[in-house]
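Take the sequences, apply the hints, and build the full model.
Here are the chains, one letter per residue:
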Amino acid sequence: MTGFLQNTFNGLVSGAFYALLALGLAVIFGMLRVVNFAHGAFYMLGAFGAYVLLTEAGVPFWAALVIMPVGLGLLGMALERAFIHRLTRLDPLYNFLLTFGLTLILQDLVKLRYGVQSSPYATPSALSGTVDFGIFDFPAYRVFILGFALAVCVGVWWVLTRTRIGMVVRAATERPELTRAFGIDVGRWVTPVFGFGIGLAGLAGVLAAPMRAVNPLMGADLIIVVFAVVVIGGLGSIFGSVAAGFGIGLVQAWGEAYLSAFPIVSQTIVFIVMAVVLLWRPAGLFGREEAPA
Amino acid sequence: MTSIVDTPADAARPAVPSGLVTVARAPGWVRYALLAVGLAVALWLPNGLYAAVAVDILCWALFAVAVDLLLGFTGLMSFGHAAFWGTSAYVTGLVAIHAGLPFPVAVLAGALAAAVLAVPIGYLAVKRTGIYFAMVTLAFAQMVYYVANEWRSVTRGENGLQGVPRELFGLDLTDDYYFYYAILPIVLLGLAAAWRIVQSPFGRVLVGIRDNPARARALGYPVHRYKLTAFVLSGFIAGLGGGLFAVGHRFVSLDVLHWTTSGKAVIVVVLGGIGTLWGGVLGAGVVVLLEDWLSFSGFEAIGLVTGGIFVLVVLLFRRGIWGSAAALALRRMAARRR
Amino acid sequence: MRRTVGVAAASAAAMVLVAGCGGGPQSGGDQKLTGDKIVLGVLNDQSGAYSELSGKNSVKAVEMAIADFKAKHGDKAVTKDITVETADHQNKPDIANSKAAEMYDRKGVDLILDVPTSSAALKVADVAKEKKKLYFNIGAATTDLTGKSCNKYTFHYAYDTYMLANGTGKTTTEQIGKNWYILYPNYAFGQDMEKSFSAAITQAGGTVVGKDGAPFPNTSGDYSTFLLKAPTLNPKPQVLGTMQAGAELVNVVKQYNEFKLREKGVGLAVGLMFLTDIHSLTPAALAGTTYTDAWYWNFDAKNREFADRFQKETNARPTFAHAANYSAATQYLEAVQAAGTDDADAVVKNLEGKTVEDVFLRNGKIRAEDHRVVHDAYLAQVKPQSEVSEPWDYVKVLKTIPAAEAFRAPSSDCKM
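Chains as they are written, first to last, in my numbering: chain C, -17 to 275; chain A, 273 to 610; chain H, 105 to 520.
The set of hints was computed from the structure by calculation and includes no laboratory data. There may be inaccurate statements among the hints.
Using 25 Å as the maximum straight-line C-alpha spacing, the simulated PhoX-like pairs for lysine-lysine come out as follows [what the hints assert, rightly or not]:
| # | chain 1 | residue 1 | chain 2 | residue 2 |
| --- | --- | --- | --- | --- |
| 1 | H | K235 | H | K136 |
| 2 | C | K93 | H | K160 |
| 3 | H | K469 | H | K256 |
| 4 | C | K93 | H | K416 |
| 5 | H | K333 | H | K282 |
| 6 | H | K141 | H | K211 |
| 7 | H | K458 | H | K174 |
| 8 | H | K299 | H | K160 |
| 9 | C | K93 | H | K164 |
Computed far set for chain H versus chain C, every beta-carbon distance over 10 Å [claimed, not checked]:
| # | residue |
| --- | --- |
| 10 | K141 |
| 11 | N338 |
| 12 | T459 |
| 13 | D462 |
Each residue gets a CB set at the ideal place from its N, CA and C atoms; glycine is no exception.
This is the structure:
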């Protein structure tokens, strides 16, 4: 039982990263119809930024947790104005390709400057202990990640449902033409929303820095799993992306713990789940059916 | 859903046709001249280039044409075609090693295996279009990658399948120079098949589906089945390329299944020109030569160059090399006529 | 369709024509030195995971070897025209394959050095065999290079999976703890390592209490399932042996510390670790960890002297791969000097069975049976941060493993 709870807890922690990344992808997709391939690269930049801030300017983790998402959000807004904006009127595939190219560039820029060796980043001292849950104790940092990620997801949910900005974004996501017809200027929200999504990826990156190897390729394979997560959750769905993120984290942790005799299954379980979902509900668990094609 | 070939900028102008159509509309002698030049270059290639590089160009040309068949003519961007290229490479390698058959037979077996794999993946993927299709194919290809990685007793895992023979009725093909000429007919057949598919009534229906799926459906075409057929044919041609690649390198590694291989195929097509078919061949030449040159140049950031070129192409030259050249030629012709 | 067939027929005809005219590449003449010069080729990873522990600095090491060779022999040197060609194989076997062939065929390379990543290394061994040119592998760990894939023109320098497992498994069991939990990445390298480790541990009187294969590549980057399990096993393991390498090793170590396994009495032993890994994890994260090193820069005055010269060139301390590249280039040049020709067969004849002593090879011997280059290896332990007195001086050598014990006996799988 203790083992099961521990595995569940760890699954939720892994899921927290998927959820934050998928949430950012979903918000961006909703507003811009852009699937941001570079999302993994921005996650990497978040972690790397935290490392650079610490080693070259002595900026601690807590400050990086604010600086990096904001900084990367601004960078994202600049990129949106400079590149992505030019292609939004075209088929979304062009922006997918553009962000793919950007991924290669961002990865190599970091590689050129800092090499491929993983960079060191220590857990912040306030969270380096463990939390005692009675029947088992657990690293404090993991508890923090889970709580923090849940708070961010709930916060985003609150903004989207309870504020005027959120209403506009949701309306634009779900009925773009209708929203425009009501005379709401959707365009002015596009750039900030893109920046916000990138900021979430950066936030996930900073959170990952003390736990994961910080290197230029850390987001490269991860992004594919996150793509599977958003396909499972339903690409346009904010709630779906978060739920699928945590769900996939759980499924992977359980698979690793209880199906370790079948490594093929535990490796590919995400994609198996995706195949089943596509058979059963092509638009994803929480997605709306797209126009018939 | 607009297709990736028609940009609004294009739509605003009086229908600028794709490069392929341009060539088809060009006077007969232009078409024959282009064909002759193409064949002459293909025959000369290993005399001007290092033969192994020339072999790679041929394999990638097939791969690119396969991806363009979907992307340019069906409007489906597969970001997971490494699954077919790689599966065929493995099957070809296994057949060649264990059965000792002539390599063209092994390559055919590999390509058929790729086509068989394309059926279930295609069946699931064509339920979605556009960007979803790209993500779904990407994810399934990654799944195939993991399976090959784990199925070590067959694929030899990280060490790869070593020693794929180049058996062809006892001919000595160890020299890449002669091997190039041995595979050239197969590659030309593959390219000709792609050309036939595009020109056939079936190909025209695909373009119709690409441009207006709702209308195609209203006209009674089983859209999903058409897309699936295109997907399987594309998988087969990609498989031909992958099988030849395996024999060419005399071994198969997991890299043939990795998503970066899929990404490279898309880069090749976009660079050459989406929806131009022969642009992919051109793109293959450019990318393979560029990578070959970069890896000896001592410049570390290969991704910076390929990524940079790719971003520029997507932003500024969406028609790619072939498409831009064709559009230019067409404009010239129109000007002269006026 | 008729035209297509015509095209195929025409190209087939042209193929016969071109082949008949002897358009293929020409082979060289029979001078003492091909092209009157010696060309060394360094083929390794210059942009990926292994670029720091070997990469371009290995090219520098080879250049140092050439300079030293010229200085030593002066006018008596077999030639003064010795150059280095280098290429990046990006750890991809297909690129390694074409680059190796291109180096031998077009760049006039007489010897290829380094080639990390087992799959790429095995492929280059095939190329060397086919082209009948020399190849000294340094960067790859697979014992197949001296086993079923061995050949006359391929030599394996530095390390291999057997040496790593034997050194760390045996000595750690004797000196630190008898009960082990082994965590390995579930692919060829990891499985080889796990088998070799288990054998070495059992042989030394230890017990493998549990072992698990983690997914490879591990996209989630999470190892908590395994790390949580380790201290709950019965009997409780005293040592966690991790076979992960590179970024995955970094993940394991970070999470090992996060779950406070050292405080719970589970020590850490690492299958494969380079100085650059310790640098990136910091000694604090690894203090007390044991692993086997093929060479350590601050081991004695001779090593240190080389390390100082190397640092002047590169601003970094050498890893064992750098020192091994230096040594391999030196030994090749000396063999050419002794044979008076760069003819591969003559050089192989000179090298086989030779005993060698240089900055890298201590009690070195180039075995004729399987072309394994054996030498002393070292069981190293990472120092606590407080004992690190200068940058890059991260370990102390617990034990020198004599050359005769460090490597496996020649394998019967190897048929030259």
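Hint check:
As the CA atoms of K235 (chain H) and K136 (chain H) are separated by approximately 18 Å, the hinted pair is consistent with the 25 Å bound. With a CA separation close to 14 Å, the supplied pair K93 (chain C) and K160 (chain H) stays within the 25 Å bound. Of the pairs offered as hints, the one joining K469 (chain H) and K256 (chain H) holds, with about 16 Å between alpha carbons and a cut-off of 25 Å not exceeded. With a C-alpha separation of about 23 Å, the suggested pair K93 (chain C) and K416 (chain H) falls inside the 25 Å cut-off, and the hint holds.
A C-alpha spacing of about 18 Å is found between K333 (chain H) and K282 (chain H), which places the hinted pair at or below 25 Å, so the restraint holds. Annotation: proposed proximity of K141 (chain H) to K211 (chain H) holds, straight-line Cα distance about 12 Å (limit 25 Å). The straight-line distance between the Cα atoms of K458 (chain H) and K174 (chain H) is roughly 22 Å, inside the 25 Å bound, and the hint therefore holds. Note on K299 (chain H) and K160 (chain H): the hinted pairing is violated, with a Cα-Cα distance of about 33 Å set against a maximum of 25 Å.
A threshold of 25 Å between alpha carbons decides the hint, and for K93 (chain C) with K164 (chain H) the separation of about 20 Å falls inside it, so the pair holds. For K141 (chain H), the condition that its CB be more than 10 Å from all CB atoms of chain C holds, with the nearest at approximately 33 Å. Its beta-carbon lying about 14 Å from the closest one in chain C, N338 (chain H) satisfies the requirement of being farther than 10 Å from that chain. Every CB of chain C is more than 10 Å from the CB of T459 (chain H) (nearest about 36 Å), matching its label as outside the interface.
No beta-carbon of chain C comes within 10 Å of the beta-carbon of D462 (chain H); the shortest separation is about 28 Å.
Of the numbered hints given earlier, the model fails hint 8 alone.
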